[in-house]
Amino acid sequence: MKIAYKALLSGLLGATALTCGSAAMAQDDTLKIGVVTFLSGQAAQSFGVPAADGGKLLVAKMNAGEVPAPFDTVGMGGMQIELVLIDEAGGATVQVQEFRNLVQRENVDVVVGYVGSGDCLAVAPVAEELKQFTILYDCGTPRVFETAEYDYVFRTAAHASMDNIGLARYLKAQGTEVSTFAGINQDYAFGQDSWADFTAAMAQIYPEAEVAAALFPAFGAGQYGTETSALMSAQPDIVHSSLWGGDLQAMVLQALPRGLFQRSEVVLSAADHILPPLGKQMPEGVVIGARGAYGFLAPESDLNTWWFDAYEAEYDVMPVQAPYRMAQALLGLKVAVEKAMADNGGTKPTSEELAAAMQGSTWDSPGGLIEMANANGHQAIQPTAFGKTVKDAEGNIVLEDIVRFDARCVNPPTDVIALDWINEGFPGAQCD
Amino acid sequence: MNNTLKVVVIGAIAALALMALGFAMPRWLLFTATKAVAFGIVALGIVTLMRGGLVSFGQGMYYCVGAYASGQLAARYGVTDAFILLIVGGLGSGLIAAVVAPLVARYRGIFFAMLTMALSMVLYGVLAKINAIGGSDGFNLPKPTFAGFAPQDGASDIALYAVAVATASLCAVLCRLYYDSRPGLIALASRENELRVEYLGASVFAVTARNFIIAGVLAGLGGTINAMALGHVDPFFSYWTTSGEFVFIAILGGYASAIAVFGAALITELVRSFSGSYFPDSWQLLLGIFLLAVIVFLPLGFGSLWARRRVTPPPADEEIRS
Amino acid sequence: MNLALTILIDGVIYASWLFIVALGLTLVFGVLRILNFAHGGLYALGAYSAAVTVGWFTGHGLDGWFTILAMFIAALAVAVIVTPIIERGLLRFFYGRDEVLILLVTYAVFLMLEDITKLIFGVDPYYVFEPRTLLGNVEIGSLFYVGYDLALIGTAIVCGLAVWLGLRRTRIGKVTLAVIAEPEVAATMGVNVSRIHLLAFGLGVFLAALGGALTAPLISVQPGISVSVVIVSFAVVIIGGLGSIPGAAIGALIVGIARSFAVYKVPEAEIFIIYLVMVVVLIFRPEGLFKPIQARRI
Amino acid sequence: MSIPVLEARNLCKAFGAVVAADDISISIEQGARLALIGSNGAGKTTFVNMVTGYLKPNTGTILFEGTDVTGMAPRRITRAGMSRSFQIPQLCEPMTALDNVLVATGIAATGRQSWFRSAHSRADVDAARAILDRFDLVDYADQPVGELPGGVRKLIDIAMALASKPRVLLLDEPTSGVSSDEKFPIMDRVMRALEGESAAAIFVEHDMDIVTRYAERVIAFYAGTVIADDTAQAVLANEDVQRYVTGRKR
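For the protein sequence lines, the chains are V, A, Z and W, in the order given.
Under the working numbering, the very last position in the first sequence is 476; numbers go up by exactly one each time.
Under the working numbering, the very last position in the second sequence is 369; numbers go up by exactly one each time.
Under the working numbering, the very last position in the third sequence is 922; numbers go up by exactly one each time.
Under the working numbering, the very last position in the fourth sequence is 982; numbers go up by exactly one each time.
Honestly, I wouldn't trust all of these hints.
[Unchecked claim] When the alpha-carbon atoms are kept at most 20 Å apart in a straight line, the in silico EDC-like pairs for lysine to aspartate or glutamate are as follows:
#  : chain 1 : residue 1 : chain 2 : residue 2
1  : V       : K324      : V       : D445
2  : V       : K432      : V       : E344
3  : W       : K897      : W       : D865
4  : V       : K100      : A       : D328
5  : V       : K100      : Z       : D748
6  : A       : K190      : V       : D195
7  : W       : K897      : W       : E797
8  : V       : K435      : V       : E328
9  : A       : K190      : V       : E173
10 : Z       : K889      : V       : E254
11 : A       : K190      : V       : E172
12 : V       : K324      : Z       : E754
13 : V       : K216      : V       : E444
14 : V       : K324      : Z       : D687
15 : V       : K432      : V       : E328
16 : V       : K324      : Z       : D748
17 : V       : K324      : V       : D436
18 : A       : K190      : V       : E193
19 : V       : K175      : A       : D328
20 : V       : K100      : V       : E172
21 : A       : K176      : Z       : E892
Hints listed in this document are in silico derivations from the structure and should not be mistaken for laboratory results.
Required output: the full structure, derived from the provided sequences and hints.
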């Protein structure tokens, strides 16, 4: 048994030595950013890899000083940016561990990451404990700042309540008549929350409408034949879904020939990313959201045109929501870094300085103006938009009937719980 | 009593040495080591089952029960004392294991593995539904305190690591004593030949049920430690991949030794973490190769490197020679 | 329309898909005593190669029914290329070892296949649209069903019968049954056991890949499709009794109909209904539904 | 007359259409040396399996020391005082001979099974070695049983059955599968080990030389029935036995 302990001890010592060797002090002229997103598993294709690609592209352009004004300085505050990419797969347990490794072993200056809501909820308190400036760039759950306060954690994208409030508003704006509606959402927090927000918003906007069916297929189920039959039997006016990625594509492919899209109007809260891959297979007349004004839905601006073209030129496909949200996080970070350096005399900013600089800041992004307006300046609000699929002259699917919503029309005011705001009838909403 | 004394002394020395090592570790390794120790405790439960000839693919269930029981106590009722939480987590999962044990104790081989896995998946599905405890996103819990002390920052990490090591050492010592005892030998015999054990007058059912409850308690302790270390608990604790990771570690450690699993857990965590950092696109490939290599080159696990003697304990123990 | 009938049709379509995948799993277990976790990875490989093959066929003007042929060719190609590597190169060294250990070996293979598939095909999705349009739509009650989906039922029946009859009516099948029952005796009587193993595993791979190929038109082929499939088909073969072909069929039907029932009646339970069924079946039939009780010789 | 140590009354057992035991009634006295003979499928092993609880008779009663043990689980029957050895030795293959016996003595031991007391305590090891010594097996004590020759394995199997100090010991073909010149030494050792024990020994046997040398009483089975039950000499002289069992005239 002695040998055993000796082996264990030497293993531990070896690992210690390894770290001490590799943990070279971070350089002052580079900013090391840990980027965490899905590189394997179900979310890799739709969210993780495009976001990582977008991040790599934008960082390369920033390092070369090729981003249009006002972001045309080299790198961030003159520092070259170095990315450390980590796979988000493996659940919250693994992500807490990898977050600590990023901060304590890889000595990154900033962490930007997390698509999964569970990962965001688990990582946020750890970031706070380690006093590590951290940007949550994608995850949708409103709970992050509704149930806790953080000094070092920021989310540079609006939470998912916006998507479902916006959908209900869009239906009203289009004059759609709804007497019954149904939902098909994945059986985990994002799906359940999306459905709860949507039904609550519908109750305000369409008080007469009734729920015809609420289906909760497992995450990654892949087979939606039964669900399609159930939705078609219920014959609702509207079918709501927050499905995304492979699950959503499978649902569309399986339900399309069976006539679901003829029988009901389908509204998808987060579906823009399936349009480029599905191409002409996508049916017409489907309401599409992108969890923001992204891609087809993005507002016209020089920044957006540059971003759209640069991404398309690099990857031969249009950018969808994931790279947009990564870009808006990195642009916001750049603004914060440069603001902090202007205040501290030009040295590399600490986490505290970065947090102070980002709190309540605003910046332009390809998807519109980002305002860190909620949760004491830690939670972004942003404008959003929705549109309806239609075939253009060449038969390609594009979006028409695009309706934009101001950030304060679809996001709750600061310090108001999203669901409460909906149930109270959107007090203080500013829709033009 | 010589054997008992020897095992206890070695366990105590090892615990103290590992705790001392905690002060020398970089902080990220401290956390990884704490998590590995917790995983090792759960895997020790599987090792105990393996000595009775069974492998559970559902230990995530008891890991999860321990984490939820102690986590709810901490998050909802503000009980943050690590020792109380450990007792609650261990007893809570032990209780559930005791309820399940009579149900699963007559199953063997792949059916035992699959039944335990199915049960853990049912728990996963149910927990993901209960919004009052966070649904599929789980919930966060406050930092643990230690008998009235609430250490800050790094000290808290070290304190938790020390508690984890102490718990693990206690578990390993008790397990080693159990393995070496008469009931332990009978359990090992029922791994090799159930029929004979029954015909000699012992109940394999009782042996299995006992091992299963021990494994449940150990899983609950591991779950509690990880809940405290992570500050977060979610239904994923009960997902089959979590259980699979425990089996992975237990097989790597092998059933010969009560301590090899802890080394196996740490090595697995380091391999996974470093391959994930440096090869984010192909860490699964590397993990697969690592697993295959261990199975091919060390079929009885790391423990077999030094503990082969223990599989077939020699008769001439020191007690006889002395 | 009658709700019970809808539940039945949807359940049976789902069961057919499950059965095709589970058939290979149960066959491989029956012959080799291997519960093959890598089955899911092979399923994904089948889907990818079907997407590529069908694309190649249509690109060369071979559309229509040729695309169905292309899917079978794709599954066959996966079996021919992968079987020797996995079975000859790895698994045969583990025959006779503990079942759970072998499960872990195949889990390692599964992990490796995940990344290898990603390295070969990338993360961008692949599609196979054409085969699903060939058979048109069928109206049952007020619902439309896609002919292709209904044809899956027939395909499942054909696959099941072919394997089942093949084992009982052909020479090689009877030899295989002999190897299952008494491997040592079969070997001493001059049966080339390792060839039987290779064939059986190859057939298992083919069925996994065929399951993936036939599913490809229903989904977007991309990383992550392999995991949920393998756990569900484990449930099917455990419920039915490991190694039993009729068991796999019944298991698939039970799981399919239970799931379909849950979608209509208790959507909250859909996520764990399969595992619940598995627990209940195992409690009443500890070795699944179709396990002959074997008295041990003492 | 004292109560028989083992009494079977009207045992019947059928496997589907095959009748393996048809109204078997046997009474066995304390300390008996009894051989069960019969061709394959005659019902000997079925009888042993029923008596030791592996099979449950369709009808009939088994009394052990006057207590009804019909349908009891094997381990309860062992605990009651009746144990058995196996035609194919049932050993824990990777464990040593000594450990195998320690398992047997450990299970047989009454009282509290402490978790803090080593299974290899001096007293336990000495006792186990003593049992091995009775079978002349001490030399093999430290070898894994999986590596031992067939005859030695048979003896270890029997030694394990004897560890619980049974009042009835059933030996299922103790000499099958060993070479003919090993048979007598094995049986000699078994009988010597039984000396001083009050156990009745019942052995299923095919070799008539063994039967004549070691059995005081012989029961012959044919087609699930007892066709003869008497002294060895008388049974082997029985015409039915010669026709259906031994197949030759002596």
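To see whether the hints hold, each was checked on the structure:
The suggested pairing of V/K324 with V/D445 holds, with an alpha-carbon distance near 19 Å, which does not exceed 20 Å. Only pairs whose Cα atoms come within 20 Å are accepted, and V/K432 paired with V/E344 is accepted, the gap being roughly 18 Å. Only pairs whose Cα atoms come within 20 Å are accepted, and W/K897 paired with W/D865 is accepted, the gap being roughly 16 Å. For the hint pairing V/K100 with A/D328, the CA-to-CA distance comes to about 15 Å; that is within 20 Å, so the pair holds.
Taken as a hint, the V/K100 and Z/D748 pair is honoured in the structure, with Cα atoms around 18 Å apart against an allowance of 20 Å. A threshold of 20 Å between alpha carbons decides the hint, and for A/K190 with V/D195 the separation of about 17 Å falls inside it, so the pair holds. For the proposed pair W/K897 and W/E797, the alpha carbon gap of about 15 Å is at most 20 Å, so the pair holds. Taking the CA atoms of V/K435 and V/E328, the gap is about 7 Å. The hint holds against a cut of 20 Å.
In summary, the hint linking A/K190 to V/E173 is supported, as the alpha carbons are separated by about 10 Å, within the 20 Å threshold. The suggested pairing of Z/K889 with V/E254 holds, with an alpha-carbon distance near 18 Å, which does not exceed 20 Å. Restraint check for A/K190 and V/E172: satisfied, since their Cα atoms lie roughly 12 Å apart, inside the 20 Å limit. At roughly 13 Å between alpha-carbon atoms, V/K324 and Z/E754 fall within 20 Å of each other, so this suggested pair holds.
Restraint check for V/K216 and V/E444: satisfied, since their Cα atoms lie roughly 16 Å apart, inside the 20 Å limit. For the suggested pair V/K324 and Z/D687, the alpha carbons sit about 18 Å apart, so the restraint of at most 20 Å is met. For the hint linking V/K432 to V/E328, the alpha-carbon distance of about 8 Å falls within 20 Å, and the restraint holds. Using a Cα cut-off of 20 Å, the hinted pair V/K324 and Z/D748 holds, with the two alpha carbons roughly 17 Å apart.
The straight-line distance between the Cα atoms of V/K324 and V/D436 is roughly 10 Å, inside the 20 Å bound, and the hint therefore holds. As the CA atoms of A/K190 and V/E193 are separated by approximately 16 Å, the hinted pair is consistent with the 20 Å bound. For a cut-off of 20 Å, the pair hint linking V/K175 to A/D328 is broken: about 29 Å separates their Cα positions. With a C-alpha separation of about 27 Å, the suggested pair V/K100 and V/E172 falls outside the 20 Å cut-off, and the hint is violated.
Of the supplied pair hints, the one linking A/K176 and Z/E892 holds, its CA atoms being roughly 8 Å apart against a limit of 20 Å.
Violation of the numbered hints given earlier is confined to hints 19 and 20; the remaining hints are satisfied by the structure.
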